[in-house]
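Enquirer: Here is how the chains run, residue by residue.
There are 2 protein chains.
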Amino acid sequence: MSTIIGHNYIGGQRSAAGKVIVRSIDANTGENLPYSFYQATLEEVDSAALAAASAFPTYRNLSAARRAEFLDAIADELDTLGDDFVALVCRETALPAVRIQGERGRTSGQMRLFAKVLRRGDFYGARIDLALPERKPLPRPDLRQYRIGLGPVAVFGASNFPLAFSTAGGDSAAALAAGCPVVFKAHSGHMATAEYVANAIITAAERTGMPAGVFNMIYGAGVGEALVKHPAIQAVGFTGSLKGGRALCDMAAARPQPIPVFAEMSSVNPVVVLPQALNVRADSIANELCASVVQGCGQFCTNPGLVLGIRSTNFSAFQQRLAALINDQPAQTMLNPGTLGSYGKGLQKLHSHPAIEHLAGGTQQGSQAQPQLFKADVNLLLKGDEVLQEEVFGPTTVIVEVADQTQLHAALNGLQGQLTATLIGEPGDFAQFSELTALLEQKVGRILLNGYPTGVEVCDSMVHGGPYPATSDARGTSVGTLAIDRFLRPVCFQNFPDSLLPDALKDANPLGISRLVDGQAVRDSL
Amino acid sequence: MSTIIGHNYIGGQRSAAGKVIVRSIDANTGENLPYSFYQATLEEVDSAALAAASAFPTYRNLSAARRAEFLDAIADELDTLGDDFVALVCRETALPAVRIQGERGRTSGQMRLFAKVLRRGDFYGARIDLALPERKPLPRPDLRQYRIGLGPVAVFGASNFPLAFSTAGGDSAAALAAGCPVVFKAHSGHMATAEYVANAIITAAERTGMPAGVFNMIYGAGVGEALVKHPAIQAVGFTGSLKGGRALCDMAAARPQPIPVFAEMSSVNPVVVLPQALNVRADSIANELCASVVQGCGQFCTNPGLVLGIRSTNFSAFQQRLAALINDQPAQTMLNPGTLGSYGKGLQKLHSHPAIEHLAGGTQQGSQAQPQLFKADVNLLLKGDEVLQEEVFGPTTVIVEVADQTQLHAALNGLQGQLTATLIGEPGDFAQFSELTALLEQKVGRILLNGYPTGVEVCDSMVHGGPYPATSDARGTSVGTLAIDRFLRPVCFQNFPDSLLPDALKDANPLGISRLVDGQAVRDSL
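Just so you know, the sequences run in chain order F and V.
Numbering of the first sequence is given in our numbering, commencing with residue 140 and proceeding in unit increments.
Numbering of the second sequence is given in our numbering, commencing with residue 140 and proceeding in unit increments.
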């Protein structure tokens with residue numbers, strides 16, 4: 140196991156110019172871990188951004204196959220991180236070892252999936268319109284388009300996925316795949332973990348001959364603002380709170396050159412339990428839903444925070460069953476004291492609202508999070524009250540009972556943008572409520588039938604995104620291969636000789652990729 | 140010829156609730172045309188946005204083939220606009236009839252091209268990952284992704300393309316193709332033209348059974364702010380000045396729900412004239428370049444505003460030749476008095492700068508724009524002076540002489556983002572300056588070899604975009620079929636039965652589109 144020295148990673152070197160020391164904390168005990176990290180100075184933030192900018196021309200011009208080698212090498216390095224590493228992550232996050240082992244595999248698998256995307260070549264979006272020299276009244280020139288990386292990307296990782304959404308997580312993987320060097324702001328909740336992962340990335344970069352500065356990492360509080368405002372940074376990836384994400388968006392929009400921010404923020408992930416499903420399997424739904432609410436102490440972006448159903452004896456019984464289950468759930472340790480504090484405040488907001496009733500869950504106190512169940516008046520959704528719109532991050536959910544199908548629509552329409560929405564139903568339900576799909580499409584990034592939103596598959600078809608405030612830009616996803624699109628932009632070549640064109644656009648199609656040629660998708664050479 | 144009544148277009152009705160009357164002006168005489176337009180009241184802006192929102196659920200759920208019918212019908216209606224219409228556009232814009240006739244064809248052709256895109260189906264971005272029920276440790280659910288429209292789009296047209304970038308122009312076509320209803324802010328420079336075109340769109344909408352509110356148009360000054368801030372509006376397309384575009388971006392970013400703005404703003408479109416080309420064809424380059432500078436009174440986003448060359452006797456002779464040509468060019472009438480005023484101010488800025496020399500062009504005065512040639516010290520680019528960065532919209536260009544290849548790089552690196560860059564050279568030049576392509580790729584949306592940037596082909600491969608300040612978001616293009624991407628977002632369906640999936644994602648692939656299935660592009664059914 141390598142030594143944790145807590146120096147910033149800048150241009151392939153380590154740097155500890157600052158005087159401010161930040162500490163990593165044992166999430167279970169609240170005690171300092173024996174590691175010190177040097178908060179980056181403003182000069183170091185500048186150097187990290189410039190190192191990324193300096194790497195950009197070389198890195199983006201490497202073939203996609205070479206970048207794929209780099210991602211595969213990162214994956215291999217991540218896989219070699221052993222039990223001692225897992226134990227360390229568990230100490231910093233209070234997450235169980237089996238979860239971290241799974242997440243390690245998910246993170247390396249994600250890197251390898253982006254390597255596949257690079258080799259597949261559809262990310263280029265290659266398009267060719269051949270010259271029409273005889274066209275009247277004007278000839279058409281030869282025009283060819285592909286996509287290149289935007290430039291250096293600043294990434295802010297999540298606390299709740301210390302591997303898969305953090306240092307070498309989805310945003311970093313997508314940016315690196317796109318040809319964009321990364322400056323990563325280490326999450327204060329798992330800085331020792333971040334150091335191990337950064338070492339893995341740097342080792343992979345050196346092993347595969349990547350330019351120094353392809354990956355940089357800085358420690359500390361308050362360094363994010365300087366990073367986002369740095370002229371060299373061309374895009375931002377963020378996973379975290381609505382407040383934090385919106386602050387970054389506002390900063391980025393106010394720059395002399397505004398840049399895009401892809402922030403995954405707040406989602407209450409409504410689950411609609413339909414009548415016939417309640418008829419035939421209310422108890423199993425209650426069991427599954429309860430498991431989804433408390434899984435990982437509810438610390439998922441896709442945690443189901445709202446459960447909607449139509450008033451009926453079945454739905455009343457379902458609520459009682461769910462309340463009993465929630466009362467049986469043990470308290471769990473959260474990722475860090477800040478998360479626990481936010482959970483407490485979020486619960487307090489629900490407890491103190493006159494139109495919200497507490498149905499189940501022990502008093503929230505001490506050092507762990509107590510699962511909770513609430514019930515809210517549907518008028519909160521119908522009349523645009525904010526209280527149900529922002530997620531309470533942790534093991535809690537809120538039931539909303541509606542009068543009928545019409546009110547169900549109105550309640551769903553009252554929701555702001557979401558990462559997910561879920562319909563639990565039988566075939567007869569889906570026939571009766573067939574219009575819900577189109578309604579929910581306008582609200583969310585992913586609609587599930589008879590599943591639970593926790594558990595986000597990393598694949599080509601995944602959308603982990605959605606309208607504001609779920610994310611800052613509904614056109615992106617932060618999970619799955621489409622995430623690469625956020626960091627690419629198109630460039631067109633007019634009247635270029637073959638020798639000067641990038642391989643993706645050469646006549647012979649040396650990469651063997653699919654291209655849109657005169658409006659037809661073909662893999663052939665021209 | 141239909142009567143121009145100057146009422147706003149709201150939800151398929153005409154509305155004239157306001158008291159403020161705005162007038163259209165004869166661009167040649169400066170006199171009022173005999174048409175009155177009713178500036179939209181704030182209530183009318185609200186109604187227009189709500190009409191678009193109300194049309195959205197129906198419109199976006201129409202099949203792509205139905206939307207294609209609508210676009211084709213708009214194209215047919217545009218083609219029937221006859222000589223009286225052309226004469227009217229000419230009166231409002233001072234553009235010649237042959238140009239307007241060409242632009243009419245370009246505009247209807249653009250609509251038909253987007254109809255083709257809708258029928259082709261690649262805009263769906265359909266992706267399918269089939270369920271893997273036996274996968275360990277966890278099964279994979281069935282996941283399918285396609286793209287849907289963002290919602291109502293506000294469009295602000297350009298003055299310089301009263302048809303192709305205006306009411307039924309590229310932004311409107313792309314938004315309507317994407318399934319997004321449009322609220323169009325009629326350009327004050329050609330409101331009568333806008334009324335004719337809006338009538339064509341409304342006729343097409345009625346003829347093809349589109350929902351009322353699919354297209355709305357409002358007149359007046361100052362209505363744009365209320366439109367961009369309206370909660371129903373989900374994206375903005377804009378073509379115009381840096382100041383205007385940036386103001387819209389700032390408004391959109393400050394909304395409770397920020398929305399994307401695709402603003403095409405300011406570009407000086409550098410042209411690099413390489414040494415061997417000057418050796419063999421300096422005079423023809425000077426002729427072509429001069430023609431590109433003064434074409435359409437220089438009123439093109441892609442007008443070449445900067446000409447770079449390496450110091451030599453040939454380049455000196457070229458400058459003299461270009462100066463002589465510019466001195467021979469007649470003054471031309473601009474689109475409107477505002478444009479002429481801005482041109483005058485832009486010239487004054489160049490005249491008064493101590494590091495810029497005036498090489499050719501008669502004194503700017505009177506009611507027409509006089510073509511001009513300037514020469515600027517390369518240090519303005521090397522040291523980040525703002526004076527050369529923002530375009531002077533009109534028939535003028537600035538020569539920058541560099542010492543050598545190294546200084547050429549530095550000068551190009553000193554440029555902000557551009558729509559285009561052009562290299563004029565012989566094969567030997569491209570061998571010697573082969574690194575310029577990679578350098579310019581980072582600066583621009585389109586690189587041309589031995590062409591001139593005026594003239595933007597509408598096709599799949601075109602990029603009319605580029606880094607800030609050329610546009611507000613380098614990831615988009617406002618010309619060409621990729622423009623549809625700006626108004627689409629992905630949605631994922633998890634574990635959906637075939638009957639509830641959209642056609643684009645059904646097993647049988649009833650649309651016959653190409654889809655990425657388990658990482659392979661296929662057109663087959665599953």
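Check before you lean on any hint, since a few could be wrong.
Intra- or inter-copy, both count: the list cannot distinguish identical chains.
[To be verified] Computed cross-link-like contacts, EDC-like style, restricted to lysine to aspartate or glutamate with a CA-CA straight-line distance of at most 16 Å:
#1 275 with 596
#2 488 with 524
#3 255 with 612
#4 368 with 646
#5 522 with 185
#6 514 with 524
#7 368 with 165
#8 484 with 529
Just so you know, these hints were derived from the structure itself, not from any lab.
Enquirer: It remains to establish, for every hint, whether it holds in the given structure.
Expert: Here's how the hints hold up against the structure:
| no. | hint | result |
| --- | --- | --- |
| 1 | 275 with 596 | between (51 Å within a copy, 13 Å between copies) |
| 2 | 488 with 524 | within (13 Å within a copy, 53 Å between copies) |
| 3 | 255 with 612 | neither (26 Å within a copy, 28 Å between copies) |
| 4 | 368 with 646 | neither (41 Å within a copy, 47 Å between copies) |
| 5 | 522 with 185 | neither (47 Å within a copy, 20 Å between copies) |
| 6 | 514 with 524 | within (15 Å within a copy, 61 Å between copies) |
| 7 | 368 with 165 | neither (32 Å within a copy, 46 Å between copies) |
| 8 | 484 with 529 | within (12 Å within a copy, 49 Å between copies) |
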